[in-house]
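Go ahead and model the full structure; you've got the sequences and the hints to work with.
Per our numbering, the sequence shown starts with residue 15, numbered consecutively.
Be aware that a few hints might be false.
As the list claims (entries may be wrong) - Pairwise CB distance ranges (calculated):
id : residue 1 : residue 2 : range
1  : S72       : E39       : 16 to 24 angstroms
2  : Y17       : Y45       : 13 to 21 angstroms
3  : I43       : Y17       : 12 to 20 angstroms
4  : E66       : I43       : 16 to 24 angstroms
5  : I43       : E18       : 12 to 20 angstroms
By construction, these hints were calculated from the structure, which means they are not laboratory data. Given the structure is predicted, the values throughout are model-derived calculations rather than measurements. For every residue, glycine included, the Cβ atom is placed at its ideal position computed from N, Cα and C.
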Amino acid sequence: MKYEIRFSDSDMLKRKPISDEDRKELVWILYKLGYSTYETMDGDVAITATDEDVTELSGISE
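In structure tokens, the structure reads:
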């Protein structure tokens, strides 16, 4: 199964949006982990992930 994981910088939780510098750092970290990032229509950073990727990113080990 494939998932779209979004790293949103919207203000849904009443937090201030992430800075451009933090956004670039997030993309760099995801790239170093081997993920291809893209920008959604809403302007969020996103990756496509498999079940294994979701497990790895969540920090849960089996």
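Verification of the hints:
One distance hint, 16 to 24 angstroms for the beta-carbon pair S72 and E39, holds here, with the actual separation near 20 angstroms. In this structure, Y17 and Y45 meet the distance hint of 13 to 21 angstroms, their C-beta atoms being roughly 18 angstroms apart. Hint check: I43 to Y17, Cβ distance near 18 angstroms, so the stated range 12 to 20 angstroms holds. For the pair E66 and I43, the supplied restraint of 16 to 24 angstroms holds, since their beta-carbon distance comes to about 18 angstroms.
Between I43 and E18 the CB atoms are about 18 angstroms apart, so this pair conforms to the stated range of 12 to 20 angstroms.
Checked against the numbered hints given earlier, this structure breaks none of them.
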